[in-house]
Amino acid sequence: MAKRSAPEVNAGSMADIAFLLLIFFLVTTTIETDSGLNRKLPPMEDVVDPPIIKERNIFTVVVNKNNDLLVEEKPLEISELREAAVAFLDNGGGKGEDACNYCQGPRDKDSSDNPDKAVISLKNDRETDYKVYIAVQNELVAAYNVLRNREFARLNPNLGLSFVDADRRYSDPRTSTSEKEALKPKLAEVKVLFPQKLSEAEPSKTN
Amino acid sequence: MSKFKKKKGGELPAISTASLPDIVFMLLFFFMVATVMRDSTLMVANTLPAADQVQKLDKKDRVMYIYAGKPSDRYQDKFGTQPKIQLNDKFATVADVGAFILAERASKRQELQNVLTTALKVDGETNMGLITDIKQELRKVNALKINYTTRNGDYMQNLK
Numbered sequence: 000m001a002k003r004s005a006p007e008v009n010a011g012s013m014a015d016i017a018f019l020l021l022i023f024f025l026v027t028t029t030i031e032t033d034s035g036l037n038r039k040l041p042p043m044e045d046v047v048d049p050p051i052i053k054e055r056n057i058f059t060v061v062v063n064k065n066n067d068l069l070v071e072e073k074p075l076e077i078s079e080l081r082e083a084a085v086a087f088l089d090n091g092g093g094k095g096e097d098a099c100n101y102c103q104g105p106r107d108k109d110s111s112d113n114p115d116k117a118v119i120s121l122k123n124d125r126e127t128d129y130k131v132y133i134a135v136q137n138e139l140v141a142a143y144n145v146l147r148n149r150e151f152a153r154l155n156p157n158l159g160l161s162f163v164d165a166d167r168r169y170s171d172p173r174t175s176t177s178e179k180e181a182l183k184p185k186l187a188e189v190k191v192l193f194p195q196k197l198s199e200a201e202p203s204k205t206n
Numbered sequence: 000m001s002k003f004k005k006k007k008g009g010e011l012p013a014i015s016t017a018s019l020p021d022i023v024f025m026l027l028f029f030f031m032v033a034t035v036m037r038d039s040t041l042m043v044a045n046t047l048p049a050a051d052q053v054q055k056l057d058k059k060d061r062v063m064y065i066y067a068g069k070p071s072d073r074y075q076d077k078f079g080t081q082p083k084i085q086l087n088d089k090f091a092t093v094a095d096v097g098a099f100i101l102a103e104r105a106s107k108r109q110e111l112q113n114v115l116t117t118a119l120k121v122d123g124e125t126n127m128g129l130i131t132d133i134k135q136e137l138r139k140v141n142a143l144k145i146n147y148t149t150r151n152g153d154y155m156q157n158l159k
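Sequences listed follow chains A and B, in order. Counted from 1, the first sequence has number 54 at position 55 by numbering that gives the first Met the number 0; the numbering is strictly sequential. Counted from 1, the second sequence has number 15 at position 16 by numbering that gives the first Met the number 0; the numbering is strictly sequential.
To be clear, the hints were calculated from the coordinates, so they are not data collected in a lab. Every residue, glycine too, gets a C-beta built ideally from N, C-alpha and C. One should not assume that every hint holds.
As the list claims (entries may be wrong) - Simulated DEER-style distance windows between Cβ atoms:
no. : chain 1 : residue 1 : chain 2 : residue 2 : range
1   : A       : Ala86     : B       : Gly152    : 50 to 60 Å
2   : A       : Thr176    : B       : Asn113    : 18 to 28 Å
3   : B       : Leu158    : A       : Asp15     : 46 to 56 Å
4   : A       : Ser78     : B       : Asp21     : 53 to 63 Å
5   : B       : Asn113    : A       : Ser177    : 23 to 33 Å
6   : B       : Val32     : A       : Ser12     : 21 to 31 Å
7   : B       : Leu101    : A       : Ser175    : 29 to 39 Å
8   : B       : Ser106    : A       : Lys39     : 45 to 55 Å
9   : B       : Arg108    : A       : Ala86     : 44 to 54 Å
10  : B       : Arg150    : A       : Lys39     : 17 to 27 Å
11  : A       : Glu79     : B       : Gly152    : 13 to 23 Å
12  : A       : Asn63     : B       : Leu101    : 18 to 28 Å
13  : B       : Leu101    : A       : Thr176    : 33 to 43 Å
As the list claims (entries may be wrong) - Residues on chain B that point at chain A, a partial pick, calculated with CB under 10 Å:
no. : residue
14  : Met63
15  : Tyr64
16  : Thr80
As the list claims (entries may be wrong) - As a list, the in silico PhoX-like pairs of lysine-lysine whose alpha-carbon atoms are at most 20 Å apart:
no. : chain 1 : residue 1 : chain 2 : residue 2
17  : B       : Lys139    : A       : Lys39
18  : B       : Lys58     : A       : Lys179
19  : A       : Lys183    : B       : Lys55
20  : B       : Lys120    : B       : Lys144
21  : A       : Lys190    : B       : Lys55
22  : A       : Lys64     : B       : Lys159
23  : A       : Lys190    : B       : Lys144
24  : A       : Lys116    : A       : Lys39
25  : A       : Lys53     : A       : Lys122
26  : B       : Lys69     : A       : Lys64
27  : B       : Lys77     : A       : Lys39
28  : A       : Lys39     : A       : Lys122
29  : A       : Lys196    : B       : Lys69
30  : B       : Lys55     : A       : Lys179
31  : B       : Lys58     : A       : Lys39
Given these sequences and hints, build the entire structure.
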């Protein structure tokens, strides 16, 4: 009997398999992008005549060198900061042309007039840990996001998106231009209602 | 009868593998395009703090990176353990930040020069003094858009 040679394996479908793999990786690969808290620094030029802001419209947050928090001259835990900042921004204690008709706060006359006037001033020591500073920044941004989400949901009840989701979609390069155009005025509207006024003061030299 | 005789060597002809190189090239090109080279080796400890209210930092071509933190173990006997700034591949002082930003800005395309963001990749254990100094330098050269790069996570992790 003649020795039978082993049949060669059909390799014609190899290309298809390779393509499948290729397409799979194409779809699933996400190139790692960094994320973080975006901030804008104030310009360097000296303001000759700084605008006078009423004491009740400033929410002072101080982080000292032992990473303790002092909010409006009272010590506070970081876990309570978000709530305190929301209460301050949403207070709406103004009257007349300063009145805030969308605020849901207690309208305390010793707290902010309206979100447009309210300023959060964040001050840190030179020895504050960076990670604690970031935690504080994160909570303050979160306070703005809570309020912006609420207003966004009120103004666009049928969209099914929160402000944060909508903003993420807007900055995503994969979103179509038409959707971006539709989102842009809605986002801008909410940003006018709750502008992010977060001032980073220069740190205290001595403490 | 010989009509039905099996042909000699009736195995299937070998499949041409001529297209295999094309497939391999395609894969190669894909990975070439998709891979982002890490252009500077980290010489500082870089455990980023956690935050959850983050925004993505898209478009890598408009970002300038500034690293800061304690020098890594193998640089510690030479540079000490005090937090330092790293620009590109070198340790730098606060005074070098301005020049670095101007050089980076000049190397970008004209239309991008006004929309650049500075990403601060700073180790969580660093003191704010160094970061404040960096921020002052950035203000001097009018690089006002910054991003505190963080990793995704609950802020409570930072307080431990």
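Subject >> Pair hint outcome, Lys64/A versus Lys159/B [Cα-Cα no greater than 20 Å] >> reply: 16 Å, holds
Subject >> Pairwise hint evaluation, Lys55/B against Lys183/A, where the allowed Cα distance is 20 Å at most >> reply: 17 Å, holds
**OP:** Using the beta carbons of Leu101/B and Ser175/A, state whether their distance is inside 29 to 39 Å or not.
**Re:** 37 Å, holds
Subject >> Restraint check for Lys120/B with Lys144/B, where alpha carbons must lie at most 20 Å apart >> reply: Distance ~14 Å between Lys120/B and Lys144/B Cα, so the pair holds.
**OP:** Identify whether the interface hint at Tyr64/B stands, where standing means a beta carbon of chain A within less than 10 Å of its own.
**Re:** 9 Å, holds
**OP:** Starting from the range 18 to 28 Å, see whether the pair Thr176/A and Asn113/B falls in it by beta-carbon distance.
**Re:** Cβ of Thr176/A to Cβ of Asn113/B: about 22 Å, so the range 18 to 28 Å holds.
Subject >> Met63/B as chain A interface residue, shortest Cβ-Cβ below 10 Å >> reply: 12 Å, violated
Subject >> Pair hint outcome, Lys196/A versus Lys69/B [Cα-Cα no greater than 20 Å] >> reply: Roughly 32 Å separates the two Cα atoms, so the pair is violated.
Original post:
Cβ-Cβ distance between Glu79/A and Gly152/B: within 13 to 23 Å?
Top reply: 20 Å, holds
Original post:
Holds or violated: are the alpha carbons of Lys139/B and Lys39/A at most 20 Å from each other?
Top reply: 14 Å, holds
Original post:
Should the hint that Asn63/A and Leu101/B are 18 to 28 Å apart at their CB atoms be regarded as holding?
Top reply: About 35 Å separates the Cβ atoms of Asn63/A and Leu101/B, which means 18 to 28 Å is violated.
Original post:
That 33 to 43 Å hint for Leu101/B and Thr176/A (C-beta), does it hold up?
Top reply: 34 Å, holds
Violated hints for the displayed structure, listed by number in ascending order: 1, 8, 12, 14, 16, 27, 29.
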